[in-house]
Amino acid sequence: MKRLLIFACVLLVSTAMLFAAGSSEAEAKNEKDITLTVWHIGVDVSRRETMEKAIARYQAANPKVKVVEQAIENDPYKTKLKTAMGGGNPPDLFITWGGGWMEEFIKAGKVLDISEQVKSVAQNYLEPGISISMSGDKVYGLPITCGPSSVYYNRELYEKYNLKVPTTLAEFEYNCDVLEANGIIPIALGNASKWPGAITFIYLSMRYGGAQVFIDAFNRENGKTFEDESFIKAGEKIQEWVRKGYYPEGMNGINYDTGGSRMLFYSSRAAHLIQTNGLLGNCRNEAPDFYENNLGLFKFPVIEGAAGSADEIVGGGNVIHIYSGTKYPKEAFDLLVVLSDQVYGQDMIDGSSMISGVKGIEIKDPLIQKQYDVLMGAKVMQNFYDQYMPPALAEVHKDTTQALFGLTMTPAQAAKLVEAKAVEVLGPAK
Amino acid sequence: MVLTKRRANNHKEIFFVVAALVPGLLFYGIYNLYGILMTFQFSTLDWTGISQDSRFVGFANYLKLFKDPMMGVAVKNNLILMITSIVIQLPFALLLALALNSAIKGTRFFRTIFFLPMLFSTVATGIMWQLFFDPMFGILAYVMNAVGLGQYVIGFLADVRTAMPAVLFVICWQFIPFYMIIIKAGLTNISIELYEAATIDGANRWQSFWKITLPLISPTLRTAAVMSMVGSLKYFDLVYIMTGGGPSGATELMATYMYKKGFVEFGMGYASAIAGLMFIICFVFACGFLYITRVREAH
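Chains as they are written, first to last, in this note's numbering: chain V, 98 to 527; chain W, 312 to 610.
No wet-lab data here; the hints were simulated from the structure.
Where hints are given, some of them may not hold.
[What the hints assert, rightly or not] EDC-like mimics (lysine to aspartate or glutamate), calculated; alpha carbons at most 20 Å apart, straight line:
id: 1; chain 1: V; residue 1: 461; chain 2: V; residue 2: 444
id: 2; chain 1: W; residue 1: 378; chain 2: V; residue 2: 492
id: 3; chain 1: V; residue 1: 204; chain 2: W; residue 2: 364
id: 4; chain 1: W; residue 1: 375; chain 2: W; residue 2: 357
id: 5; chain 1: W; residue 1: 378; chain 2: V; residue 2: 521
Same shape as in the complex, but just chain V (with noise of 0.2 Å):
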């Protein structure tokens, strides 16, 4: 029995040592040279060149600081920052949207506080980059993707059609009736990853109650809440467009991120589709001739009559935040400088075509002159309800709008269950 233990003692104790020899070693090395890990969703290869660009950059300047760079998949990174901040392995630098998921950080206490530093440098941004950086009035970031979503379509069928750009909904819809009467399907949509529709939800509703009943809603004030007439006004038009064959058959199957409704869309069966910033890249990239010949881009129509302006845009970005923990503060915030500042942001539009949130940039291509003015032109610029909110409720949100969308739910009940959420989440609306 003595041996026994004795063996066993003996391969613990050597496991340990094991262990702890590995990780002494690490520390001495960080004690020479500093190391700092950034981690992003900058998979494709334009977005992933820029920033390595930067960090390239950065490095020249600083030599004695190596920077280990990470390009996660969107989906995945959500679940392996989070992992890693519970576990307390983070990376120096991570990036979020903004909103909702960001404060879940900050409540937690993750993100660095960067209100401070940052005076130097804030000028240099645009407005509504900043502004999904903030949270109450501290800034925990800087943006390096920021733009809005707008309506695209297919010029070579606004010609063939003979059909106007629209600015309002009924000659949106006119337009759609025209396409549909032709075969062509009016709107492509892959909502099977829920956020695609809900863009429409969210523009629907601000352009039916503006931009502030959101916002009132969310802060549960002036006596608005999720069961608002604009949302159910939303939900209604939603499904009438549904019931009028707007959309793909079986859109709620189809997956945005493998390309189905773009697909639709470059092939010409589909007319328009309503998307984020990030929808000038992927074309360029994926359909280089349809970009060249065919994409055009309009504001989300307004509605005549209702309370919602053109200059209210819905959009969001991407911002690069500091970890609370990081052993180099100084050194970080001088690299998120630089991945978000004007050399790193003319690259994100020569490469990618996305606006990157810092300001002088020279844009050579009118599409994103076009979307780069939209942006600056905004009064109120809301970031995707599924971003602001908090994700439990984001979720639910989500959930719905699927439901409208494959009409397995009415306008009420999807309201009344947002709304039932939010009293539980943000409390009762006052």
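Since chain V is already given, all that's left is putting chain W on it; use the hints.
Okay, now just chain W, sitting in the frame of chain V:
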């Protein structure tokens, strides 16, 4: 003298057994037992999963769980999956295994073909079948259009009526080969003399299947059934990839719901409670099944 020698041998033997067990136990302990214990600890907390702060809430998460209607849907879907796994997968696997075990020409070729689905990565399988069911560009829609069933084409994975059957079909497609190989191994172990003796005694093929094959592979079938039962109770990946539990919870399983609560909605405490309940359900089912079949065997 003899006695001490034997004792020494005994010691050596124990020493060897322990030495062989310790590494395995160490890993099993760290990555399994410790994980299970931690899950139960987390399930008593109100915790986001990222914060250093957490609050002890006792059994509140479990109480919430029993009142959560979505959890009921998930458990029901898991049971449906379990029943189809046992009722469809195992008999099909048995049929295929019998076919492969027979003297038909080309069994090697078919063995490889039948086994292919198991070799694909689940993610690739999920995306492939997602494209197959795509209402616009999918093969299924194309075939249905070609044979004049075009008006019945819907978003198969997006419709509450068809999503679950579609996913079940793919799960069966993926797992039948796995059980086929297990059962095939069991069949190979049955000695040919038994069949020869049966033939001499005048038994037909049907009789030798019922009287020889089935009783002799029943331990294999039992193992396969337990694996498929526990596997389907904790099933996650294909559903996560193909539907994410949607539409409107039509394909939600306990595991996908747990993932959603823990990683999407920042409710790690609640998700741990789901995991804890899953563990208990799997444990009870597996033990219960083993117990019942053990009694039968004794008879």
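Results for each hint:
1. With a C-alpha separation of about 12 Å, the suggested pairing of residue 461/V with residue 444/V holds against the 20 Å cut-off.
2. Distance check on the hinted pair: residue 378/W and residue 492/V sit about 19 Å apart at the alpha-carbon level, within 20 Å; holds.
3. For the proposed pair residue 204/V and residue 364/W, the alpha carbon gap of about 10 Å is at most 20 Å, so the pair holds.
4. A hinted pair counts as satisfied when its Cα atoms are at most 20 Å apart, and residue 375/W with residue 357/W qualifies at roughly 12 Å.
5. Proximity of residue 378/W to residue 521/V is assessed by CA-CA distance (about 15 Å); at most 20 Å being required, the pair is judged to hold.
In the structure shown, no violation is registered for any of the earlier numbered hints.
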